[in-house]
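Taking the hints into account, I'd like the entire structure generated from these sequences.
2 protein chains.
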Amino acid sequence: MAMRSTEGEAFVMSARLMAISELVADLPLSRVMLANDARFPWLMLIPRRANMEELFDLSAAEQGMLMREITAVSRMLKELTKADKINVEAIGNATPQLHVHVVARYKTDSQWPMGVQWGDPQPYTEEKRQSFLSELRAGLRKLGL
Amino acid sequence: MAMRSTEGEAFVMSARLMAISELVADLPLSRVMLANDARFPWLMLIPRRANMEELFDLSAAEQGMLMREITAVSRMLKELTKADKINVEAIGNATPQLHVHVVARYKTDSQWPMGVQWGDPQPYTEEKRQSFLSELRAGLRKLGL
Chain A
665 MAMRSTEGEA FVMSARLMAI SELVADLPLS RVMLANDARF PWLMLIPRRA NMEELFDLSA
725 AEQGMLMREI TAVSRMLKEL TKADKINVEA IGNATPQLHV HVVARYKTDS QWPMGVQWGD
785 PQPYTEEKRQ SFLSELRAGL RKLGL
Chain B
665 MAMRSTEGEA FVMSARLMAI SELVADLPLS RVMLANDARF PWLMLIPRRA NMEELFDLSA
725 AEQGMLMREI TAVSRMLKEL TKADKINVEA IGNATPQLHV HVVARYKTDS QWPMGVQWGD
785 PQPYTEEKRQ SFLSELRAGL RKLGL
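Protein chains in written order, with our numbering: chain A, 665 to 809; chain B, 665 to 809.
In short, the hints are calculated from the structure, not lab data. Misleading hints may appear alongside valid ones.
Since copy identity is lost for identical chains, a pair holds within one copy or between any two.
In silico EDC-like cross-links for lysine to aspartate or glutamate, where the CA-CA straight-line distance does not exceed 16 Å [stated by the list, open to error]: (1) 742 x 721; (2) 792 x 686; (3) 806 x 686.
Put into structure tokens, the structure is as follows:
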């Protein structure tokens, strides 16, 4: 059975997602988080709605907003990182709260051409993390979403 | 640089995708293929537009259509297969032509909770493949897309 948000019910971000990532910014629908994993420039978009698990749990209007946010963020991330490919994934097997991975991939990265597998992150240095967060925030502001 | 379809340029499906899957049906935007891999009920949606690689290569209208097709197909597949979770993935590292995996996952499947990795398919028996194709085609017709 689809889980639908009760209007007014508060969005609460999964503790599991918060533990592995840091807030970049909020878009109209989604919270954008940066995974603390220097192996790949790795963002997550988390629709700020309660009780969402599958893409189809969102309303039709929210689905459209999410697609616009995914594509705008993907294009920005690819330009910023000069990546070879953007991978977009809504998995959620281990962490049910709906979240969409947007990952910049390089032909030279350690898991190319396979999909990234989580579980063995390599944390950023504090300096690199802060400078990447600044670049991402500037890139998101320019999107004008 | 984004690759955009030249109007009138013919959609040609990647030989690599054709080799591992079979036509289920065409939706308004996407060709729906069934991966010949009995480990997971695994569909691929391939927008019938030439020269697409990233989701953001599609026009805004096509992005909206694709999201509607992804969510409708995901809901149908989850109901049909009684899956625990639907995984939606646009990867395309090995096969650049834009294609979206829609995979029915079970807590009991061989790769749960990780994302599925291709490369070791277990083909369906001919009988199972034909009966699943029939069920999928009936399910897609009912979507009324």
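- Item | Identical-chain pair category, residue 792 with residue 686, by Cα at 16 Å | within (13 Å within a copy, 46 Å between copies)
- Message: With identical chains, the pair residue 742 and residue 721 could be close in the same copy or across copies; at 16 Å between alpha carbons, which is it: within, between, both, or neither?
- Response: This pair counts as between: shortest inter-copy Cα distance 12 Å, intra-copy 28 Å.
- Query: Is it within a copy, between copies, both, or neither that the alpha carbon of residue 806 lies no farther than 16 Å from that of residue 686?
  - Reply: neither (20 Å within a copy, 42 Å between copies)
When the structure is compared with the earlier hints, a violation turns up for hint 3 alone.
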